[in-house]
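Asker: Chains as they are written, first to last, in the numbering used here: chain R, 1 to 560; chain B, 1001 to 1117.
Keep in mind that the hints were calculated from the coordinates and are not lab data.
Here a beta-carbon is modelled for each residue, glycine too, at the ideal position from N, C-alpha and C.
You may find that some hints are simply not true.
Derived DSBU-like pairs: lysine-lysine, alpha-carbon spacing no greater than 30 angstroms straight-line [stated by the list, open to error]:
#1 B:Lys1028 x B:Lys1067
#2 B:Lys1041 x B:Lys1014
#3 R:Lys472 x B:Lys1041
#4 R:Lys39 x B:Lys1028
Here are some, though not all, of the chain B residues that point toward chain R, as calculated from beta-carbon distances under 7 angstroms [what the hints assert, rightly or not]:
#5 Asp1018
#6 Arg1060
#7 Ala1066
#8 Glu1095
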Amino acid sequence: MLGRAGRDDRLNGLLPLPEVLTLRNDPAELAVLGAWVAKCGQRGGWSPRRLFRVDLALAEAFANVVAHAFPDGGTHRVVARLEDGPRTTTARLTDPGRPFDPLSAPAKPLDTALGSATPGGWGLHLIRHYADRCSYARVDGRNELRLEFEEETPAAEPSVSVAPEFGWLHGHPLLQDLPADTLAALVRACRRTSLPPGEVLLTPGEPNHTLYFVLTGRLRVALGARDSAVTFGVGAGEVVGEMSIIEGRPVSAWVIAEEPTTLLAMPEATFWDEFSPLPSARRALLLFLIARVRNTDSVLQRELERRVRYEFLQRDLEAAAKIQANLLPSARPLVADPRVEVDARMQPAREVSGDFYDALMLDDHTVAVAVGDVSGKGMPAALFMVRVIMLLRMILERAPDRRAVLPALNRALCEGNDECMFVTLGVVVLDTRTGALTYLNAGHHPPFWSLGGRPFHLGEAPAGPLLGIDAKAAFRAHEATLQPGDSVLLYTDGVTEAENGGREFFTMDRAAAALRTLGPGIDMAGTVAALAAAVAGFVGATPLSDDVTILALRYLGPRP
Amino acid sequence: MNFDVVTLETGVVKVTVDGRLDMDAAIKLENPFTFQVATIKAPVVVDMSAVDFIASIGMRLLLKNAKALQGRGGKMVLYHPMPFVREALRVAGFETLIPMHDDFEAACSDALAGMTA
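Could you build the full structure based on these sequences and the hints that come with them?
Answerer: Here it is in structure tokens:
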């Protein structure tokens, strides 16, 4: 039941996992915290400034907790979490100490003279300065401090003020330290230009002889294909085109405007002859290039990690499908008792399915068969199914009263079922000495019965609630006695809801019609095959939307 | 984390630290820094140009020693803190407590001029 889209969705969901770190309330843990923040920052591709801000604000917040939260001492757990949004990093620090809101505490006034200055009290000033938003809450007996850090452009760095006539340069860091007359001469050789969103500035393979200073807006650099997922942004205060100019080679990546963007375009000759010889420009440019290389590295590393994770997941899925297939009984006959004949088949729609069947002997005269359908998709559903099968087998073998089976299974499945997965299940337990039969149903389609030599028809049966939702749910058991030659057929909704090219369902009626045409002498393998063939003929070339599972049991009598 | 102290011909004591001025560094530097800086009467220039992170625990180290030095008639000056570090120092109010210079000669003259008899 796992679609390709579903797999990709879950992969994407895997990537922005919150990072969690548990620390002791010990100042020595600050080093662990710092190393962890650095790792998260590298993984998240943060700018050096964002890393510095998160690093410092969290270190101060943690130092605060260590100093104030536990006046009685003792070792406690302090938990730090980091979550990267598209433009925001959110840090949360949680501790079980005494209620303490560091934000409501008055910040110590800053000292103004060394002689009277006392160390300390800077933490709050630093946190408030570096976090864009701070909030405090007391949650479940814990202090939770939440700090948010917005993405920013390098232009926000503390800067020397630029002469007012160059305000339109928006303090571009590569230009701001230049003397006014040098800057004026440079700007005269350049032209200003602007791009609407979506406009392509540079195309791979084409020559480029211009260095572009991004003044406002934002560009996106796509490595490889134009719609490549491997991209990084170039914001105000950065440059593009520097690689092709320095190397003298064609452009190597797509550069596309993401927002309305204004640029200062510097001709290659001006760059070499006038700009690059300036010592301050040279240093700023080198610093910028180093940051660019680091950033590209981390973009590529993240992409590599993503691919490796994808491959691992793919392999996991294949392994899960194998484990699942091995779990279903496959040897024929499915049941060794000569007094019954059982056959079943499961045709999965995708690699990891949600359907299952089971057939087993509980003792030398009791046979149990079951068909079920687990909700949800993918690995969680597959793991849930393994739990269902294992528990069902265990409870069937141990419960003396068949009526206790579904309540016991339901209670077990409700435990720790935070994902709210559920299963529908039909179970038949047959005493092969007498033909006494118990039918148990948890939200499953009613079975088809063939009694007294008549063709299959839908029987009356209690539907019962689903398993895994309500631990107190009540179930009724249906009791009957099979005569020699009587049969029962269980199936999943993959049969009745199989869809053809015209978007029609196979339906219960078509299933009944297919079963009615079978001759009285046909065995269970033939019956299962015939119904499966009818479904296959109906859907034609349309891929199955759900697993198709069919199980049939015939009672042959006490002495076959 | 490196910690290096040299006395220049001018009499200026140049202290160089690098890396992160965090808890680890503060613990490691506490004694050597205090021994080298706060027990003398000298113009001290702390070269901050290779310090890429400073937390309040690192600021405490600087302030404590600057105060002790002043108490003995010396003076501490910071040379060329990197922009991020300088911003953090400014937020904590250090601009009015310990002079900072991006030019090494200016830092040395300031430290020398601050000596009291």
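Asker: Would you pick out the hints that fail for this structure and give their numbers low to high?
Answerer: Per hint list: 3, 5, 8 violated.
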